[in-house]
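Below, each chain spelled out in residue letters.
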Amino acid sequence: MSQNSEPVIEFADTGLRLADGKTLLSGLNLAVDRGETLMLLGRSGSGKTTTLKLINRLLTATSGEVRVEGQSVTNWEPTKLRRGIGYAIQDVGLFPHYTVFENVALVPKLQQWQREKVEARVREMLALVGLPYDEYASRYPSELSGGQRQRVGLARALAAEPPILLMDEPFGALDPITRAELQMEFKRLQERLGKTIVFVTHDVGEALLLGSRIALMERGRLHGVYRPQEFLRSDDAKVKAYVDVFRAGQQILQ
Amino acid sequence: MNFIFNHKHEVATLTAEHLWLVGISMLLAIAIGVPLGILLTRRPRWKAIILGSTNVVQTIPSLALFGLLLPLPWLGARADRLAIVALALYALLPIVRNTYVGIAGINAPVREAAVAMGLTSSQLLWKVELPLGLPVMLSGIRVAIVITIGVATIAAAIGAGGLGEFIFRGIAMVDNGVILAGAIPAALMALVADLSLSGVEKLLVRHRS
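Same order as they appear, the protein sequences are chains A and B. Adding 857 to a residue's 1-based position in the first sequence gives its number in the working numbering. Adding 486 to a residue's 1-based position in the second sequence gives its number in the working numbering.
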């Protein structure tokens, strides 16, 4: 993939309308720059997940266009597009019949990597997400805790060295302590990896902590895009509502 | 019981015939049923018609099905051929249905993750859908085998052989000993098939809580 300064992901007047007439997303114009972490923030049903799935074509836009690396996703060969995009979701979706090793190794193996390279990669990825290889590689997903599964999911998403990473509330189902732990680790990882990341969340704190920019979604539309500092200082009523909830939560803690 | 011991060779021959009828018809039913079940997961619109028609076949009494197929040109020419086709038709419903249910029942995030990782349609099938659907598919095959072992005794009525020979002969002779010489091996066969396949199923679901 090319290394120029044009956006990695671009939405051009993108919309998705279901066959039953329900509109999930409309008129989205948004560009994601190389190496940034764009947070899609909004309530349930605001179109965040829809937006995410349009990028790796789990969904296909019914109007407008989505471009990845300058090329419309409908022109990409779907498997090739998806192998360049890591995907981590709240439910993780680990393969229950595969060990941790086999889960992480699947895509590299499908891409015909050599055996030693695959093994080295799995070691590297498990170390990256803080799971010692010798202890965890041969376990099955049913033998892991929720936080450990999420770590394996992240290792799997990163295994084939995709330049883009999509994350859909990956820490949403974890207990608050594990979540905070993984958020901090993820923040460190971001700097080391330099991936272009689109991250769905409904948690303002998470958006402020992890995002280089925050795209606020409302009822299938983009309300605005803000840097974290702009978001905190904004006069916009909708943004203020989010910030107020966040501040109220912080005050209770203090 | 004396009858069984005095006719060991005949019991063995008819048991072998019975196994052959069941084995070949099961292979045929699996060869047709599993792909049909997979097809349904890809074309859900055909579900009503395919599951509906296999269901209708099952409601036809077995003796009537053997009789109905008898006048057909190629099929009616040989009794064992006809019996095998009829038995395979009977076995189809549980196999098609469980193949479909086994694959369609796979946890949605698992399938979504697999697609998002860039698996092709056939990789998805062989690496994820078939291995994960296998326990449910196997339980369909197990049900089908047990049904087929029972129904195959009726194949003797059209001269296809098998353990049903003893049962029909015993009924005609009003001799329970002869009936049991057919019924006991058939029941044992069904039990062994049931237990061994459910054992395999248990092995397969070890890690999948």
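Note that these hints are calculated values from the structure, not bench results. Cβ coordinates follow ideal geometry from the N, Cα and C atoms, glycine included. Each hint should be verified, as a subset may be incorrect.
[Said to hold, decoys possible] Straight-line C-alpha distance at most 25 Å; calculated SDA-like pairs for lysine to any residue:
1) 688/B - 919/A
2) 613/B - 919/A
3) 937/A - 919/A
4) 910/A - 659/B
[Unchecked claim] Covered, in the sense of this in silico footprint (three residues per stretch, anywhere, with C-beta under 8 Å from a C-beta of chain B), are these stretches of chain A:
5) 891-897
6) 962-973
[As the list claims (entries may be wrong)] Example chain B residues on the side facing chain A (calculated, C-beta under 7 Å, incomplete):
7) 488
8) 490
9) 509
10) 592
11) 598
12) 599
13) 602
14) 603
15) 604
16) 617
Going down the list of hints, with the structure as the test:
1. 688/B - 919/A: Violated - the C-alpha atoms of residue 919/A and residue 688/B are around 45 Å apart, more than 25 Å.
2. 613/B - 919/A: Since the Cα atoms of residue 613/B and residue 919/A sit roughly 31 Å apart, the hinted pair is violated (cutoff 25 Å).
3. 937/A - 919/A: 22 Å, holds
4. 910/A - 659/B: 72 Å, violated
5. 891-897: Coverage by chain B is violated for the segment 891-897 of chain A (0 residues, Cβ < 8 Å).
6. 962-973: Three-residue rule met by the segment 962-973 of chain A, so holds; n is 3.
7. 488: 51 Å, violated
8. 490: This interface hint is violated because 44 Å lies over the 7 Å limit.
9. 509: Hint on residue 509/B: violated, closest Cβ of chain A at ~28 Å, above 7 Å.
10. 592: 9 Å, violated
11. 598: Hint on residue 598/B: holds, closest Cβ of chain A at ~6 Å, below 7 Å.
12. 599: Where the cut-off is 7 Å and the nearest Cβ of chain A is about 3 Å from residue 599/B, the hint holds.
13. 602: At 4 Å from the nearest chain A Cβ, residue 602/B passes the 7 Å test, so the hint holds.
14. 603: 5 Å, holds
15. 604: 4 Å, holds
16. 617: 5 Å, holds
Going down the numbered hints, you'll see the structure goes against 1, 2, 4, 5, 7, 8, 9 and 10, while the others check out.
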